[in-house]
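Following the hints, position chain B against chain A.
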Amino acid sequence: MQSILETRALNKRYSSTLALNNVDLTLPKGKIIGLLGPNGSGKTTLLKIVAGLLTPTSGTVLVDNQPVGEGTKALISYLPERTYLPDWMTVEDCLDYFVDFYADFDMARAREMLSRLNVPAGKRMKQLSKGTREKMQLVLVMSRRAKLYLLDEPIGGVDPATRDYILDTIIGNYDNEATILISTHLISDVEKVLDEFLFLKDGVITMHDTTDNVRETQGKSLDELFREVFRC
Amino acid sequence: MLKKLMKHDFRALSRTLFPLQIGILGGGLVATLLTALTIRLGEHTATAGGSALLRQLIMGVSATASVLIGIAIMASALVTLLLICYHFYRSFLGDEGYLTFTLPVSTSKLIWSKLLTGMFWTAINAVVIMVTLLIFSVFGTTSNSIANTEVLQAFRMFFTDILPQASKYVNVPLVAVEFVVITILALASQMLEIYFAIVVGGQVAKKHRILAAIGMYLLINMGVGIISSTFMSLIALGEGFANLSFNTAQDFSVVMTSVFGWFGVLFAGLSVLFFFLIRSIFKKNLNLQ
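Quick mapping for you: the protein sequence lines, in order, are chains A and B.
Its first residue numbered 0, the first sequence is counted upward by one per residue in numbering that gives the first Met the number 0.
Its first residue numbered 0, the second sequence is counted upward by one per residue in numbering that gives the first Met the number 0.
This is chain A alone, in the form it adopts within the complex (with noise of 0.2 Å):
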């Protein structure tokens, strides 16, 4: 199977501490996938490394079997965990600058999305609530067809209705060669739309395995391994 991102002895330093130790990781195509972890295991560090926005102390990565760099930024759809659209953009203006930027940016798609989020088009980002500035980004992540989404906390600030939607938004929207590299702690809300999923503790891949062997072979819900594996 082909790979869409792969990381070799990816070592990632903070100081004194040790964000990531020595991670190698192969991830397939088409597939989504859940990041999975307790605060401060590196699941955001190993998102914005890989979408060019930290440099590993040591280590490769390779997406679609390039490095980072201009080309991957333009095959990787990245949601951070904060928001990052300027105060001052109008919806209009956010739209207007992911379509310049992004050729693979369908702006169909993000209007229909838009309005059945109700995020309304002619406010500015300062006008909008925390939650709605949330939907404006993750509709225009996910309004590209790019090749891999990262998305970092995607369900963290909403509803649990609009949780609903936006699962449904993510597997309806992407097409089958895509993958989706999402991490969250909301693990039960997630876990029907996971193929595979990653543990990922003190740096170190733990575990990387399909949800379905999971419930077959240990008869339990991924919500259920992992709280057994991070137990406090």
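Keep in mind that the hints were calculated from the coordinates and are not lab data.
A virtual CB, placed ideally from N, CA and C, is assigned to each residue, including glycine.
Treat the hints with care, since some could be wrong.
[Stated by the list, open to error] Sample of chain A residues facing chain B (criterion: CB under 8 Å; computed from the structure):
1) G51
2) L52
3) L53
4) P79
5) T82
6) D99
7) F100
Frame of chain A; chain B shown alone:
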């Protein structure tokens, strides 16, 4: 892609800088009107034999208006520069960096876009300031007529007397082109020096990064001062300026043209140095918090 980046950077900067320039022009017009009125009132009071105290008061208002316009103009240049720098900081080191650095655009283009839009707005600000000062000097400094004929006469003299006279000794078009090129290079090197200080400040400090950037700018500026004076001293030695005689205006103009040229080389060198240092940090050591 550079065109698109510039379009969005221009849009972001115009939001604050366009109203600011309109404000400078508007403020300048108001101050011009106020000064012209107070001068006329002062003259009228004088000819009507009014009290000296009232005349002094009116002239005081006029002088205060002139000082205020000067301060406002100086402040506008600083505010323009600060807004340009803050835009750079937010786009690269703030939360917006998550948007900027995930664009499928080369690092060089990202820097070029910030540099060119920053230089464009600095130039616009300079033009607005000059126009404001021109309006003030022509319409705000006389009581005899609407426009100050002495100022207009001085402008006319510059083109009818001074320039033809100067062209006997120097190649005026060449000097003019040289001056424009050096101004552009000096502006680019200064802007890139500030951008570099912001980037290094962001690298060395996790908190108070703006303060760190100011500290870095002071340090870098000292380094640039040392490099510049060493470079120009070496050039002066190499060209043998010390042994040259300045007996004629031609001698002087030849030396000045040469010095200007070397300043151009210095500014170009500094611009290239800062550009590649910023690019190198963004490419090899980016760690967005």
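Exercise. Hint check: is the beta carbon of P79(A) less than 8 Å from a beta carbon of chain B?
Worked result: holds (5 Å)
Exercise. Do the numbers back the hint for G51(A), that is, is its least Cβ distance to chain B under 8 Å?
Worked result: holds (6 Å)
Exercise. Taking the least C-beta to C-beta distance, is L53(A) closer than 8 Å to chain B?
Worked result: holds (5 Å)
For this session: Double-check T82(A) for me: the hint is only fine if its C-beta lies closer than 8 Å to a C-beta in chain B.
Result: Holds, because the Cβ-Cβ distance from T82(A) to chain B comes to roughly 7 Å (cut-off 8 Å).
For this session: So, F100(A) near chain B? Judge it on the closest CB pair being under 8 Å.
Result: holds (5 Å)
Exercise. Hey, does the L52(A) contact hint survive, CB to chain B under 8 Å?
Worked result: holds (4 Å)
Problem set entry | When the least beta-carbon distance from D99(A) to chain B is tested against 8 Å, hint result | holds (5 Å)
The earlier numbered hints are all upheld by this structure, with none contradicted.
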